[in-house]
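As you go down the protein sequences, you meet chains A and B in turn. The first sequence lines up with residues 1 to 110 when you count with this note's numbering. The second sequence lines up with residues 1001 to 1115 when you count with this note's numbering.
Source of the hints: derived by calculation from the structure; they are not laboratory data. Check before you lean on any hint, since a few could be wrong.
[Claimed, not checked] Simulated crosslink set (SDA-like; lysine to any residue; CA at most 20 Å straight-line):
1. K1017(B) - T1095(B)
2. K97(A) - E1096(B)
3. K1017(B) - Q1065(B)
4. K97(A) - F1064(B)
5. K51(A) - T1095(B)
[Stated by the list, open to error] Simulated coverage check for chain A against chain B, where a stretch passes if three residues somewhere in it have a Cβ under 8 Å from a Cβ of chain B:
6. 37-51
7. 100-107
[What the hints assert, rightly or not] Just a sample of chain B residues kept apart from chain A, beta carbon distances all over 10 Å, derived:
8. H1048
9. P1061
10. D1077
11. S1080
12. L1083
13. A1086
14. S1094
15. F1106
16. R1111
17. L1115
Heads up, the beta-carbon is just placed ideally off N, CA and C, and yes, glycines get one too.
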Amino acid sequence: GQQLNQSPQSMFIQEGEDVSMNCTSSSIFNTWLWYKQEPGEGPVLLIALYKAGELTSNGRLTAQFGITRKDSFLNISASIPSDVGIYFCAGRGNNRKLIWGLGTSLAVNP
Amino acid sequence: DAMVIQNPRYQVTQFGKPVTLSCSQTLNHNVMYWYQQKSSQAPKLLFHYYDKDFNNEADTPDNFQSRRPNTSFCFLDIRSPGLGDAAMYLCATSTERGAGKETQYFGPGTRLLVL
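Working from the sequences, and respecting the hints, build out all of it.
Written out as structure tokens, the structure reads:
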């Protein structure tokens, strides 16, 4: 099935560093969602974006809905050890089905 | 707190023995989803209910069935589990915001082991 191009696939950073990841699509989306998943748990919604150009923050997290409606990025500032996990982007067009990225695995060295 | 609840968190079954996974929600959302997630992969949609309307994905095996007796509960039935069905099963809910704008909220998942 269709998938989003999410990059990078993995990141290993030092505590305190900023992190940036992004997703691109060949299709236009009406919604971009960013989730974090920890081992053995379900995805937890971090940020939801509904409008092209929208920039939304949630604490140290900031995400933007690309103006072309085909991309989105997520930034994490001043990373801490509990930021460790897999971050997924997901986009939605005119049906109810979410299209998922393959995830960015984040490791933070204290 | 409003939430999506999945029971059990871990389920062990035998090859070919029917198993049922449960999901309940206190969000009063009209859409409920079942996903299968294997290690290091994104969640894969199996099917969803829009109210009582069942929507199956084209590539979901017949071995997987679902029931939604009311708004709050949804069940995933695996009629004859195979070794390849061992995975995390995720339930999610959403409510339409109009014009394709929707946010899905996930439960903690049920890890299924098939022996």
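Exercise for review: Taking the numbered hints from earlier one at a time, note which ones the structure violates and give those numbers from smallest to largest.
Suggested key: Violated hints (numbers, rising): 1, 8, 14, 15, 16; every other hint is consistent with the structure.
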